[in-house]
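These are the residues of each chain, in order.
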Amino acid sequence: MAQRSKLRWVILALPLLAFIWLTLFLLRGLFSDPTELSSALVGKPVPQFTVPDIYDTSKMHTEAVLQGRPMLLNVWATWCPTCRAEHEYLNKLAAEGVYIVGLNYKDDSRAKAVNWLNTLGDPYQLNLFDERGMVALDFGVYGAPETFLINSAGEVVYRHVGDVNDRVWNTILKPQYDELMQSYQGAGAK
Amino acid sequence: MMRNLITMLVVAFSVTLSSLSVAYAVNLETYKFDDPQKEALFRELIDELRCPKCQNQTIGDSDAPLAKDLRDRTYMMVQQGASKQEVVDYMVARYGDFAYYRPPVKVSTVVLWLGPVIVILVGAGVILMRVRARNNAEVELSEQEQAQLAALRASKQDKSS
Chain A
1 MAQRSKLRWV ILALPLLAFI WLTLFLLRGL FSDPTELSSA LVGKPVPQFT VPDIYDTSKM
61 HTEAVLQGRP MLLNVWATWC PTCRAEHEYL NKLAAEGVYI VGLNYKDDSR AKAVNWLNTL
121 GDPYQLNLFD ERGMVALDFG VYGAPETFLI NSAGEVVYRH VGDVNDRVWN TILKPQYDEL
181 MQSYQGAGAK
Chain B
1 MMRNLITMLV VAFSVTLSSL SVAYAVNLET YKFDDPQKEA LFRELIDELR CPKCQNQTIG
61 DSDAPLAKDL RDRTYMMVQQ GASKQEVVDY MVARYGDFAY YRPPVKVSTV VLWLGPVIVI
121 LVGAGVILMR VRARNNAEVE LSEQEQAQLA ALRASKQDKS S
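Protein chains in written order, with this note's numbering: chain A, 1 to 190; chain B, 1 to 161.
I should point out that these hints are in silico values taken from the structure, not numbers from a laboratory.
Each residue gets a CB set at the ideal place from its N, CA and C atoms; glycine is no exception.
Just some of the chain A residues that point at chain B, by a computed CB distance under 10 Å: (1) 132; (2) 138; (3) 140.
Sequences and hints are given; from them, build the entire structure.
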């Protein structure tokens, strides 16, 4: 008899457990951002490309420029208001010695982009000009700004969608960047 | 009155539908095909690939610039003779599983695929158990019912003999 009532309790508890599980599952959904997709490229080498430099279109760059040291690849355009918002912060990071490469994504015109860099400051060590967005497509870019963290081997470590600000840099990007820098400098010292 | 309301609703609904299909046609006007098979494949693909920018729209459905880029790329690949799987793989390699409306069967998606089947099986199991329990339950007749039963049996025997 005791055996049977125990079983009864287990069966009665099942719907309650299912309900609690469902509640937690849906609650989590409330606080997750569905527009933030993780990159399919994480852990993979950057795609191959050949694009001109934004200042001098006769000068071509390939994926080789994204190898050899840890860096950020920032995808931006003048038509993107959020890029404008994060630009000041990128300038600050560049002044602190963070190595950033810029990828100009489907901008209205090259002149406009160059003008932006001349007036607002150029935080980029190198400026790639992706006029038709073909390189960005290979990177899986779906909106500007996006910032990729790339290691010395030229592999994508992390992708951030949206602006880079104090909070994003200090809590998400900086710890990973510092870690990459440590192993990079360690390898250089040997 | 009720009938008028329903007619109005039906008209409004069909107008919305037809305007949707017009927008769709305008979207696709620029894509010319010589081979009807390739055109069919192209239409199938843009109806199953998801625009990464727009949460819940296919790339054939969305006006986002990114959706247009992806349509152009799909068109290019189909014209060059790519198979459906090649185009899907190309998009998934760049944008992840999000880019395709049919989730692959993986450990993380197994609930999606098996969940409905499991729910149906559990439901069927519960119904079966309850029906069986009901059939097996012994029925006790009251004295009056016993007498009724006996009378029925007796009358049936009378008729058959």
